[in-house]
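Visitor: Residues per chain are reported as follows:
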Amino acid sequence: MVIQKTLSIRTDGRGTRDITADVNNIVADAKIHSGICHVFVHHTSASVILCENADPVVRDDLETYMSRNVPDGDPDFRHSAEGPDDMVAHIRSILTGSGLSIPVQGGRCLLGTWQGIYLWEHRTSGHSRKFTVTLYGE
Amino acid sequence: MVIQKTLSIRTDGRGTRDITADVNNIVADAKIHSGICHVFVHHTSASVILCENADPVVRDDLETYMSRNVPDGDPDFRHSAEGPDDMVAHIRSILTGSGLSIPVQGGRCLLGTWQGIYLWEHRTSGHSRKFTVTLYGE
Amino acid sequence: MVIQKTLSIRTDGRGTRDITADVNNIVADAKIHSGICHVFVHHTSASVILCENADPVVRDDLETYMSRNVPDGDPDFRHSAEGPDDMVAHIRSILTGSGLSIPVQGGRCLLGTWQGIYLWEHRTSGHSRKFTVTLYGE
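So the sequences go chain by chain: A, B and C. Basically the numbering used here = 1-based index in the first sequence + 23. Basically the numbering used here = 1-based index in the second sequence + 23. Basically the numbering used here = 1-based index in the third sequence + 23.
Bound-form chain A, shown alone (with noise of 0.2 Å):
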């Protein structure tokens, strides 16, 4: 069996939105006892990642992180026709990853307690990103 549903967010720019609550939504309806729940984001400037769901300030100090690591207006890119964040959204979105894949079990996604799901946004500004969730099983 195999349940897949398309979903598009508004962004407000540079930043991680918890998605969780879409996703368990999908599982939920699907009935699926035992399988796979896949999320995959359709951009090249955006991830979906799990992180530590229960102090905000986690996702600031991985903002931080990223910001010293893959800073904005590398003079050494030569990409830079379409802003000063975007080849950095490139390789933000390429080392988090564009899509990730969660056991289920009875219904839900067998996430550990502090782990929640995340859609980052990359750019500095706000846009629409849209995502597909993926599952199947029995």
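The hints are simulated quantities; they were obtained by calculation from the structure and are not laboratory data. Please note: incorrect hints may appear among the correct ones.
Intra- or inter-copy, both count: the list cannot distinguish identical chains.
With a straight-line Cα cutoff of 27 Å, these simulated DSSO-like cross-link-like pairs (lysine-lysine) come out [what the hints assert, rightly or not]:
(1) Lys153 to Lys54
(2) Lys153 to Lys28
(3) Lys54 to Lys28
Treat the numbers as computed from the prediction; the structure is a model and nothing was measured.
Starting from the known structure of chain A, fit chains B and C onto it as the hints suggest.
Guide: Frame of chain A; chains B and C shown alone:
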């Protein structure tokens, strides 16, 4: 057909632990001819990676790289209540991934000769870590 | 339904190779309406990534970033017998990933407009690289 099994191991603190045999045993028992094996760790301070399995020095160098690139006790991080290695562990986990999928063929993981599966503990002290292996195919 | 195919390509040394058409051809032949396409490289010195596919300079800049961030011949690395680019290749592969999954819908990979699939060779010399495409769905 879906087979799902959760294992628990106790780590000795920061470093990699070879879990290839644990995963392979589940695959061998499952008798799946053709499909996918997914390995997922239920924590935000550990990862599951594929790494060169012949020379253990490779994993020491990997640790050297990470210790330099994401150093403990970074003064710019504000999430520090759980120790100087905690925020760092979350970043390492996001950069290297909480899960991976491997093709299965003829009842075994189709790994390259030098590919081993490792659970990577990112905290400096030992922890109990749960990971789930999901097999699906025919 | 599971379809699995292993392809082999010869790389020209460090750099990305577009394998989108190779993967899409397998998906088109498979006649899977809804499911997942998984691409996996059987080596610890190469990756499979999604990257912006319109401007080739993006992939040059990506190489620039990696060459600076994980430089060849790092004097702190002890795994050096196979050349100054070998340990570096293992780290690059772990940071960017050996495999990825893409949703399949209506007999094709559901990629965003600007998403291409690339095999990334991390060694400086050319190598023969095997990758396996696994399709599952209905």
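Visitor: Each hint needs a verdict: does it hold in this structure or not?
Guide: Verification of the supplied hints:
1. Lys153 to Lys54: This pair counts as both: shortest intra-copy Cα distance 24 Å, inter-copy 24 Å.
2. Lys153 to Lys28: Close inside one copy (10 Å), not across copies (29 Å); limit 27 Å.
3. Lys54 to Lys28: both (14 Å within a copy, 19 Å between copies)
Of the numbered hints given earlier, the model fails none.
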